[in-house]
Amino acid sequence: MSNNKLWVTSFVALTLVGCSDDKDDNTVVESNVIVYENFEGIEEGSLPEGWDIITNIGDAYIEDGSLYIDGRADNYTATAIELPQVVASHANYKVEVNFTIAEANNSSRWGGIKYRIAGDQPYYQMAIRQGATSGNGTELSSRYNDEWDVMDTMAFDQDIDSEQIYTATITTFGNRVQQTLNGQVLHDADILPMLGNVGLQAAGAVLKVQDIKITEQHEPLPKLEQIYTVNEPETNIAMAPSIVTTNVQALDDLQSLPVSNAWLQLDANLDLTSLHGMSLGSLAELLEMDLNTIPVIRMSNDVDPLKLSELLNKTKSLDVTVVSDNVDALQVLRQASPNVRSAFEFLPQSDDQSISNWHDVVSDTTRSKSRIVVVPQNWATKENMRYLQRRLLTVWVVADETESTADLMTLGAHGLVVDDTDTINQALTAFPENSLIRKPLFIGHRGVPSLLPENTLESAVKALELGVDGNEYDVYLSADNHVVVIHDATVDRTTDGTGLIEEMSLAEIKQLNILNIDGSVSDMKVPTLDEFFETFKGEEMTHFLEIKSGNPLIVDEISRVTERYDVADQLIVIAFSEEQAKRMGDVMPEIPVGLLTGHSEGRDENATLLSMLKKVQPISTTYNPSYAALANSTVEAAKHRGVTVWPWTYRNEQDQQRDYAAGIHGLTTDYIQWSSDFVTDIEVETHDLTVDVDAVVAVDATIKTQIGELITWDANHFVVIESSADYQLDDSGKLIFTTSGEAQILARYFHEFDAVEESNEDQHNVDGYHIFSAPITVTIN
152 MSNNKLWVTS FVALTLVGCS DDKDDNTVVE SNVIVYENFE GIEEGSLPEG
202 WDIITNIGDA YIEDGSLYID GRADNYTATA IELPQVVASH ANYKVEVNFT
252 IAEANNSSRW GGIKYRIAGD QPYYQMAIRQ GATSGNGTEL SSRYNDEWDV
302 MDTMAFDQDI DSEQIYTATI TTFGNRVQQT LNGQVLHDAD ILPMLGNVGL
352 QAAGAVLKVQ DIKITEQHEP LPKLEQIYTV NEPETNIAMA PSIVTTNVQA
402 LDDLQSLPVS NAWLQLDANL DLTSLHGMSL GSLAELLEMD LNTIPVIRMS
452 NDVDPLKLSE LLNKTKSLDV TVVSDNVDAL QVLRQASPNV RSAFEFLPQS
502 DDQSISNWHD VVSDTTRSKS RIVVVPQNWA TKENMRYLQR RLLTVWVVAD
552 ETESTADLMT LGAHGLVVDD TDTINQALTA FPENSLIRKP LFIGHRGVPS
602 LLPENTLESA VKALELGVDG NEYDVYLSAD NHVVVIHDAT VDRTTDGTGL
652 IEEMSLAEIK QLNILNIDGS VSDMKVPTLD EFFETFKGEE MTHFLEIKSG
702 NPLIVDEISR VTERYDVADQ LIVIAFSEEQ AKRMGDVMPE IPVGLLTGHS
752 EGRDENATLL SMLKKVQPIS TTYNPSYAAL ANSTVEAAKH RGVTVWPWTY
802 RNEQDQQRDY AAGIHGLTTD YIQWSSDFVT DIEVETHDLT VDVDAVVAVD
852 ATIKTQIGEL ITWDANHFVV IESSADYQLD DSGKLIFTTS GEAQILARYF
902 HEFDAVEESN EDQHNVDGYH IFSAPITVTI N
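Take any residue in the sequence shown, count from 1 to its spot, add 151: that is its number in my numbering.
Simulated from the structure, these hints should not be mistaken for lab results. Predicted model, so just to flag it, every value in this text is computed and none were measured. All residues carry an ideal CB built from backbone N, CA and C; glycine is no exception. Misleading hints may appear alongside valid ones.
Said to hold, decoys possible - Each computed EDC-like pair below joins lysine to aspartate or glutamate, with the alpha-carbon atoms no more than 20 Å apart:
#: 1; residue 1: Lys590; residue 2: Glu616
#: 2; residue 1: Lys613; residue 2: Glu682
#: 3; residue 1: Lys885; residue 2: Asp828
What the hints assert, rightly or not - Cβ-Cβ distance ranges computed for the label pairs, FRET-style:
#: 4; residue 1: Lys661; residue 2: Glu860; range: 36 to 44 Å
#: 5; residue 1: Asp418; residue 2: Asp502; range: 25 to 33 Å
#: 6; residue 1: Thr863; residue 2: Glu682; range: 36 to 44 Å
#: 7; residue 1: Glu714; residue 2: Glu659; range: 25 to 33 Å
#: 8; residue 1: Gly919; residue 2: Glu436; range: 46 to 54 Å
#: 9; residue 1: Asn783; residue 2: Pro740; range: 26 to 34 Å
#: 10; residue 1: Thr853; residue 2: Glu682; range: 31 to 39 Å
Turn these sequences into a full structure, and let the hints guide you.
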């Protein structure tokens with residue numbers, strides 16, 4: 152865009168007053184109004200003078216004192232009009248439109264307000280979908296060379312009701328724009344500072360405009376939230392853990408630390424100290440600085456969360472993490488500052504590490520409106536980490552100084568809270584390319600629909616046999632309030648019947664038969680949520696329950712079924728609707744939630760990251776996007792904020808291999824069978840080994856696959872984390888110690904991917920990945 156000469160980099164401030172010549176009313180028009188039109192007195196079927204139809208695939212006309220733009224003729228190419236060219240000589244203006252969507256071909260179709268139009272293109276647009284509560288219900292986008300660049304998406308708090316009038320406001324000043332709907336700020340971004348006209352358009356919908364006013368904007372918009380650009384330690388580990396240092400000597404350190412996060416203590420006066428008690432200055436001072444490290448603020452028990460919230464809101468602080476072990480305090484803070492990120496610190500009160508206790512950790516973290524849980528190392532095992540990760544938590548482990556660096560590194564945590572950053576950063580460099588120290592999870596997309604009909608019990612059982620960590624399936628509410636598992640709003644595509652699923656009783660639904668993949672009729676039935684919970688209770692598998700229904704009562708029924716079968720420790724819920732995600736927080740606040748969404752990369756990494764954080768932090772969810780446009784750098788940046796990313800839906804084997812090796816948090820796939828043989832674990836027979844100088848190091852081991860198969864293996868490839876002895880280590884991992892001493896090593900295994908015939912040349916493809924054992928202490932004689 153920036154190369155096009157039409158994207159003007161300067162603007163002219165003009166003061167013009169405009170209104171329709173047809174008006175003969177008593178409307179008071181402010182002196183800085185450029186255009187005001189309420190369509191009264193305009194001949195029916197026509198347009199106001201100077202208003203032009205730009206694309207006339209549909210129609211645009213005045214009827215009953217309102218403007219109608221009928222774009223139903225095409226769902227994708229919009230019917231568009233432009234306002235008089237008097238607007239085109241302005242860059243800084245406020246556009247206020249009172250409108251509704253009178254009709255829509257489907258809930259994803261939209262009406263749009265174009266602004267800063269230069270010729271036919273480029274221009275910016277605020278789009279509002281009829282289904283405005285979806286993750287992309289509203290958009291900020293630009294149009295250039297007949298292509299869309301979606302810069303930001305956000306859900307509104309209700310779908311557009313044709314009987315209700317809404318107010319959309321777009322304010323531009325210099326290189327800034329703010330888009331609001333009914334006073335709710337939805338999009339706040341940088342754009343190019345250019346002159347340009349204003350227009351209205353609709354695609355697949357009828358946009359009804361009651362009136363429009365454009366006034367000059369003389370006041371700059373507030374500054375944008377700051378996103379910190381952090382330092383990345385050198386490593387070959389895919390999606391390496393974020394390093395949170397507790398060793399801070401001064402606030403200026405946060406401009407140069409070689410890690411992504413810094414742990415600071417906050418007192419009741421909102422002053423900061425280091426973990427070691429060193430006075431550092433005020434939080435207000437810190438929040439005004441340009442930083443290269445994300446502040447992690449540990450509230451003391453006497454901090455007033457509302458007082459802290461006031462400061463965070465005043466400074467528009469979004470890219471900070473506030474930590475507490477007090478669920479209630481975090482709830483108060485997050486209610487008052489929904490954009491702020493929080494973390495729950497788990498301080499064990501007993502030695503009980505049963506699943507029920509870990510479920511309580513999940514519940515407390517989720518109730519606190521946090522996605523990050525901070526746990527002590529003596530409570531962290533690989534098995535516990537995987538359980539918490541299956542429940543959508545980001546796990547930060549506080550290092551125990553009595554344990555080795557190697558122990559800490561191999562837990563599979565998302566973040567490591569350490570004092571000695573030099574040692575941990577050095578350990579990060581020890582790993583070969585394409586190393587995994589945390590296992591990505593596989594979620595069966597409606598089971599395994601490449602082999603058996605989607606959303607059936609049979610398909611879900613097969614997916615578990617093939618190794619999924621979780622099963623995803625879709626739910627609606629029947630007419631008699633049973634939660635039923637089916638993807639579409641109708642039964643037409645997947646069964647031998649017809650009709651809307653939510654207009655049928657369970658008895659009527661159970662009369663239907665599921666269609667096989669080849670279209671023939673099977674004996675399988677549409678299952679209920681009860682059947683899924685009963686079938687999989689106690690299995691090492693997570694239910695990824697996608698709410699398709701827009702009926703808010705489905706959340707209440709999910710809650711009742713969950714309690715009936717006592718499976719809360721196996722459940723997470725995902726949804727495209729932010730309203731349903733919010734309702735989960737009200738009705739089932741202890742159950743983690745993932746936000747399903749589309750994804751596009753913005754103008755730069757920080758713009759993309761800011762958009763992502765504004766989606767998930769206010770409603771405390773994970774980020775579950777379509778994977779096609781997802782950049783690895785975005786996922787890497789998000790991890791430092793405790794945001795885990797769960798892309799969907801993999802139907803290309805090479806993509807599935809590549810993103811697994813990239814350490815993505817969880818992959819939703821139609822083809823779990825492609826990955827059933829992936830090696831996930833190494834278990835060595837001994838963790839204390841004695842070897843002679845100049846001997847080749849080897850140890851007996853067992854490897855485990857995604858499907859659970861155990862294979863004996865002679866481990867003779869290693870990485871060295873720490874050593875007091877000299878050694879030789881070749882590229883393959885063959886290890887020989889040349890002097891006596893002691894060392895901490897990890898056995899390493901390289902899993903080579905099966906060759907895939909099709910090749911996506913636009914993507915960076917990999918041959919496989921390394922995994923590692925728990926530490927082995929070696930004594931060299």
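Inset, instruction - If any of the earlier hints don't hold here, list their numbers in rising order. - result: Those not satisfied come down to hint 3.
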